[in-house]
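A.B. asks: Sequence:
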Amino acid sequence: MPSAIDPLGKGNGAARTQTGRAGEENAGDVLTRPPAIDERAANLINAETAVRLRAVPFAFVGSAGPAQGAEGGVLRVAMVDGSDLGAADEISVLTGTAVERVAVLPTVFDLMLRSAFGATAAQMAARLGGGTGEDAEEDRLANLEAVDADDVQRMAEQPTLINLVNLIILEAVRERASDIHVEPFERSLSVKYRIDGSLRPQTSPPKHLQAAITSRIKIMAGMNIAERYVPQDGHITLRFEGRKVDIRVSTVPTIYGESVVMRILDKEAMNLSLESVGLREADRRTIEKFIDLPHGMVLVTGPTGSGKTTTLYAALTKLYDPSLKIITIEDPVEYELAGVNQIPVNPDRGLTFAGGLRSILRQDPDVIMVGEIRDGETADIAVRAALTGHLIFSTLHTNDAVSAVGRLLDMDVEPFLVASVLEGIMAQRLGRRVCPGCRVKRPLEETLKHRLSAAERAMFADGMEWVGEGCEKCSNSGLKSRIGYFEIVNVTGPVRAAITEGRTSSRELLAAVGPGHISMRMDGVMKAAEGMTTLEEVFRATQDAEDL
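Under this note's numbering, the first residue of the sequence shown carries the number 1, and numbering increases by one thereafter.
Just so you know, the hints here were simulated from the structure itself, not pulled from any lab data. From a predicted model like this one, the values you see are computed outputs, not experimental measurements. There could be a bad hint or two in this list.
[Stated by the list, open to error] For each label pair, taking beta carbons as the anchor points, the in silico distance ranges come out as:
#: 1; residue 1: 407; residue 2: 252; range: 28 to 38 Å
#: 2; residue 1: 43; residue 2: 530; range: 48 to 58 Å
#: 3; residue 1: 86; residue 2: 388; range: 51 to 61 Å
#: 4; residue 1: 285; residue 2: 502; range: 43 to 53 Å
[Said to hold, decoys possible] Listed next, the in silico DSSO-like pairs over lysine-lysine satisfying Cα-Cα at most 30 Å (straight line):
#: 5; residue 1: 473; residue 2: 244
#: 6; residue 1: 318; residue 2: 244
#: 7; residue 1: 192; residue 2: 473
#: 8; residue 1: 473; residue 2: 441
#: 9; residue 1: 289; residue 2: 325
#: 10; residue 1: 244; residue 2: 289
#: 11; residue 1: 289; residue 2: 318
#: 12; residue 1: 207; residue 2: 192
#: 13; residue 1: 244; residue 2: 325
Using N, Cα and C, we set each Cβ at its ideal position, and we do this for glycine too.
Based on the sequences and whatever the hints tell you, model everything.
C.D. replies: Structure follows, in structure tokens:
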């Protein structure tokens, strides 16, 4: 009997893999509806392999099966790219079975992926932990008081449960999610991905798998699975499509179990450049002038999640030169920057921003990034470091750029010191971009038109604005990825004089800045007029920083 496996993955690939049809719901050679999935076929590969190869085994043809291998039949595999012989050959080698390729639409593949690696997990609950049936097991697992730690760990190490958790994480990475939320409620377990700043509900796992899913995540993150009543933090490192992805894990106890949030830090998927963050050409040139300064202080302001750290990383990436000693102190270190010494704050061991900054000054640095100025001690050290010939980058939590001056003064930094060292301030927010794949012009809504000033309304002279209709690329939202709205203040002579003289209210400082100043809202409206974002997004993101 001829073998169906080529150990070297070459030679007889064409004989072992062929494009076939499954059922009557094909459009040409592309399956447009999900077929029934044979659990035995799906379990021949794991979730990571299915996601990586974009392929799901779903049926056996002839006498092929898990025990018979390729003797007399083949394994039918749904593939997004039906012409991918390499993926089909890899599955053939992994399973010991000849492969028939069936092309499917990406949406069909996603449904099959969820069904193949989620439905079997539901069946697993009935045979785990010695329960008398699925309902009894669901009641037992939902009551966290009754779950033994060893029992939960045993369930969390079951291959099907491992595949389910891996699939949740890998899908989130593929969808460019920044966070995964696993939230327990009385009768359900919710999974949501934060994509472009908004939470999007996903297919929810069965409630009776809650304890096992939470424990599996905690095992991966090196956390204590027996401790369920105090918050914990952990860390996961994985490789996805050849790149390293770091995941910060946080758990907190709730009345229905532990809530889990996983922050995904995928540096290689990010473009850390000043151009990518959405700076207009004039603003980018201003920031580059700040970067080229030999000393002084540059601040980026905004609330949590407004992209401040990403902007500073982009600036350091632009600034990097082997001849410079660049050191950062952060809480935590979000992404690793090549050639930059990065220090994580660790208050439990006595390493604070202020203490770390003092030590950094003894390291002969040229450029220092302080993740956040939180108190007067850190502010004083940072200002004096800028006075002694260092270029300091840092962040503050203020609603607009000029309010940063008042915040430093509130921390008891002398006005003449602030005026001496401060070179530039940038405030920012993040909004969502219009999806370029489905962008169309539509009449401007009256409610939006009334919110525009006369100068802003002139940018929409045709009465139209760009919006996204919704397509597969943007999950039918019409919006894809994010863009920054910026306000930049160049601290010139008049501004320094105003600070020294005590004229530090926002109105007084803006008057010193002079004409031509562009607020965050105006920056966003200009980008909406250019079709990069929508007015609705601009108003949502900048509502706490309206023009004075």
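A.B. asks: List, from low to high, the hint numbers that the structure doesn't satisfy.
C.D. replies: Going through the list in order, the structure violates hints 4, 10 and respects the others.
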